[in-house]
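Quick mapping for you: the protein sequence lines, in order, are chains H and Z. Everything in the first sequence is counted per our numbering, starting at 1 for the first residue and increasing by one. Everything in the second sequence is counted per our numbering, starting at 1 for the first residue and increasing by one.
Incorrect hints may appear among the rest.
No copy is singled out in the list; a pair is fine if it fits within one copy or between any two copies.
Said to hold, decoys possible - In silico BS3-like pairs for lysine-lysine, Cα to Cα no more than 25 angstroms straight-line:
#1 Lys293 <-> Lys148
#2 Lys293 <-> Lys124
#3 Lys262 <-> Lys148
#4 Lys42 <-> Lys195
#5 Lys124 <-> Lys195
#6 Lys124 <-> Lys204
#7 Lys42 <-> Lys262
#8 Lys262 <-> Lys181
Calculated from the structure, these hints are not laboratory results.
This is what each chain is made of:
There are 2 protein chains.
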Amino acid sequence: MNPKPSTSRRRWLGFAASLSAGLTACKSSKPAADAGPSLLGKPIRPYGERSPFETAARTLADDRFPETSNSYTPLQDSYGILTPSSLHYERHHSGVPSLDPARHQLLIHGLVDRPLIFSLDDLKRLPSQSRIYFIECSGNSNGEWSQKSGLNAARSHGLASCSEWTGVPLSLLLAEAGIRKPAQWLIAEGADACKMQRSLPLEKAMKDTLVAWGQNGEPLRPEQGYPLRLVVPGWEGNISVKWLRRLKATEQPYMSRDETSKYTDLMTDGTARIFTFTMEAKSVITFPSGGQKLNGPGPYQITGLAWSGRGRIERVEVSTDGGTTWRAATLQEPRLPIAFTRFHLPWDWNGSAAALQSRALDETGYLQPTHEALIAARGANSLYHYNGIKTWQVWRNGTVTNA
Amino acid sequence: MNPKPSTSRRRWLGFAASLSAGLTACKSSKPAADAGPSLLGKPIRPYGERSPFETAARTLADDRFPETSNSYTPLQDSYGILTPSSLHYERHHSGVPSLDPARHQLLIHGLVDRPLIFSLDDLKRLPSQSRIYFIECSGNSNGEWSQKSGLNAARSHGLASCSEWTGVPLSLLLAEAGIRKPAQWLIAEGADACKMQRSLPLEKAMKDTLVAWGQNGEPLRPEQGYPLRLVVPGWEGNISVKWLRRLKATEQPYMSRDETSKYTDLMTDGTARIFTFTMEAKSVITFPSGGQKLNGPGPYQITGLAWSGRGRIERVEVSTDGGTTWRAATLQEPRLPIAFTRFHLPWDWNGSAAALQSRALDETGYLQPTHEALIAARGANSLYHYNGIKTWQVWRNGTVTNA
Numbered sequence: 001m002n003p004k005p006s007t008s009r010r011r012w013l014g015f016a017a018s019l020s021a022g023l024t025a026c027k028s029s030k031p032a033a034d035a036g037p038s039l040l041g042k043p044i045r046p047y048g049e050r051s052p053f054e055t056a057a058r059t060l061a062d063d064r065f066p067e068t069s070n071s072y073t074p075l076q077d078s079y080g081i082l083t084p085s086s087l088h089y090e091r092h093h094s095g096v097p098s099l100d101p102a103r104h105q106l107l108i109h110g111l112v113d114r115p116l117i118f119s120l121d122d123l124k125r126l127p128s129q130s131r132i133y134f135i136e137c138s139g140n141s142n143g144e145w146s147q148k149s150g151l152n153a154a155r156s157h158g159l160a161s162c163s164e165w166t167g168v169p170l171s172l173l174l175a176e177a178g179i180r181k182p183a184q185w186l187i188a189e190g191a192d193a194c195k196m197q198r199s200l201p202l203e204k205a206m207k208d209t210l211v212a213w214g215q216n217g218e219p220l221r222p223e224q225g226y227p228l229r230l231v232v233p234g235w236e237g238n239i240s241v242k243w244l245r246r247l248k249a250t251e252q253p254y255m256s257r258d259e260t261s262k263y264t265d266l267m268t269d270g271t272a273r274i275f276t277f278t279m280e281a282k283s284v285i286t287f288p289s290g291g292q293k294l295n296g297p298g299p300y301q302i303t304g305l306a307w308s309g310r311g312r313i314e315r316v317e318v319s320t321d322g323g324t325t326w327r328a329a330t331l332q333e334p335r336l337p338i339a340f341t342r343f344h345l346p347w348d349w350n351g352s353a354a355a356l357q358s359r360a361l362d363e364t365g366y367l368q369p370t371h372e373a374l375i376a377a378r379g380a381n382s383l384y385h386y387n388g389i390k391t392w393q394v395w396r397n398g399t400v401t402n403a
Numbered sequence: 001m002n003p004k005p006s007t008s009r010r011r012w013l014g015f016a017a018s019l020s021a022g023l024t025a026c027k028s029s030k031p032a033a034d035a036g037p038s039l040l041g042k043p044i045r046p047y048g049e050r051s052p053f054e055t056a057a058r059t060l061a062d063d064r065f066p067e068t069s070n071s072y073t074p075l076q077d078s079y080g081i082l083t084p085s086s087l088h089y090e091r092h093h094s095g096v097p098s099l100d101p102a103r104h105q106l107l108i109h110g111l112v113d114r115p116l117i118f119s120l121d122d123l124k125r126l127p128s129q130s131r132i133y134f135i136e137c138s139g140n141s142n143g144e145w146s147q148k149s150g151l152n153a154a155r156s157h158g159l160a161s162c163s164e165w166t167g168v169p170l171s172l173l174l175a176e177a178g179i180r181k182p183a184q185w186l187i188a189e190g191a192d193a194c195k196m197q198r199s200l201p202l203e204k205a206m207k208d209t210l211v212a213w214g215q216n217g218e219p220l221r222p223e224q225g226y227p228l229r230l231v232v233p234g235w236e237g238n239i240s241v242k243w244l245r246r247l248k249a250t251e252q253p254y255m256s257r258d259e260t261s262k263y264t265d266l267m268t269d270g271t272a273r274i275f276t277f278t279m280e281a282k283s284v285i286t287f288p289s290g291g292q293k294l295n296g297p298g299p300y301q302i303t304g305l306a307w308s309g310r311g312r313i314e315r316v317e318v319s320t321d322g323g324t325t326w327r328a329a330t331l332q333e334p335r336l337p338i339a340f341t342r343f344h345l346p347w348d349w350n351g352s353a354a355a356l357q358s359r360a361l362d363e364t365g366y367l368q369p370t371h372e373a374l375i376a377a378r379g380a381n382s383l384y385h386y387n388g389i390k391t392w393q394v395w396r397n398g399t400v401t402n403a
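The following block holds chain H by itself, in its conformation from the complex (with noise of 0.2 angstroms):
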């Protein structure tokens, strides 16, 4: 799956060849041995922290409300294509609830043959999978409506993260409990104080709908849903219900808050979008991106993240000009389904002004549409589902702004 290492090099090679002009630290052969004296370092420990010496954090939203906010993933800080779970996005409604993985109980019924509670401990016993997915709220990226936001990768698409989630398929569950004939949504709860609730088509509840409590080879953080969530992969943020208590099989959905008067696309002529799970193939350069500064013209790698609900990104292209030529850029793999893609492109900074761009080609045929052919097709009253081309302006002096 890995590209052959001959090939990959043969690339860099000449990439590394023009890239000599730029390494001014590289012309001293002094060892670098000499700084000071060598004492014996820090003992073992059971649990690690990561060094004092670095400070990446999220983005809090808004400190009014805390509670009821969300905090966006230093994007423009990340590696390759996880998140560290100490830095995976957040997005609550009443607050991270504090629960007793030992007390927590997910309850399934309404219109079952057998309704059923499950502890964690049954829950764990039952034949898991692993399985790394993104997850995106859909109001990420809602200031590019208005392209009034957006002052950095966090900003304007941090509302994004990736992760390897564990647990159970929910058609076993579901199986176990015998789903009624008429039954064709699932009402998914929440233990939080609002007991948020969303509606999940039946259908995808048997597809491939996790009911997770692992996140990154441990449990799940309680910000992401401690001990349990849905993981309703490809799908808005929010129908992947987090600290997951209750799923109740009905003829009908909700009609819940945060499906009918949040998480809907007004139109331009009053209707509004509803329902629209999916969230569709987007990208953003997290280098150079807006509050990073170049040091001096020369060669750079251009990377960012590409992302489709709809499965594989199968090409990212990249442009300098805003949009007038377009390169295609190298895919790390392995690609996964309905993860971030880390995209790479050689890039030799002329000096001159540049407006930097990406869009994501998924393996439906799905391009990611620019700013102008999003807002044609929707208008420009909707908050969620912003999935346009961004535009990072690099001057000349080498900062990078919001374009």
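On the provided structure of chain H, position chain Z as indicated by the hints.
Showing chain Z alone in chain H's frame:
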């Protein structure tokens, strides 16, 4: 890459049908909802932590000299294929140094055309890549040579962990420095107090070795080499030199302490195997494993991890009768080369004593040997490179112990 949900579901449904007898908590239809008052939860915050209910920890090997010791990843508590960075195993030779990334440098010298010094900023500007690789200490499972250790999966196999590593291909830096013809080795040196040194064949350095600064989407953790380490895929852990500060191109290996008196295998004739770099195919059942307890007869999911320094895991077989009969386990996708591969097998425990074993076959056709076969080939004097089949004994009362 993921198995088609429809196929997987069929198999799991069959398993679920046989499972209902085991789910004693699933009989009631009372809602789990009425569990006390619903208070506003905790606010968003810049950097998350795990739930206080979760206590999984690395096991510390030796309290007398905690700076020259090791800690074990709690594999028995692991999910999926990734190790949380806070639980990645440790092996230090003089403790964990505190290195300022703004001052740390990498020197490349010796038989090169252009000695070079790279700052972290220099390195991060170069084309990077991310790869999910396991790293295993060659001393992992050393108690298994005598079968007197291994009370749980941490103690028997927990000097192995798996992360997404991000860095620049070493081949790119070496091309920049210009390796001179007679050079066949690189001497890699760490910035810890002992100046840990290992000799790396130039061929491997050029093939797929990374100079890494990223781990699981954020900077390396201090215990894993912050701010810079080698990642030498599939080779014994201590050649992936941590806190990397120097690479010297030479004609001969350095014959350092940690490749002569240590990390070699003493054979029965008094000679020693040396430079036995590749970690061969290996596996361990993580559930049920030593120290865990089965809650009575009934259906369970056996699960574990397999890996090979030679590439992908092709097959894992599980025995519940001490190796007399074997069944193929399901391998979780994606199966990445030189990464942990998670395996699963449904098991209906009838309540009799059982001896659980797993054996891994990698894509080169190499099959993990029995303990006896390994002893026959290598004798019993070795401390390193143990990859024999591991047995867990399940007793009639459900307790699981080292066999």
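Please name the hints from earlier in the document that this structure breaks, with their numbers sorted from lowest to highest. 8
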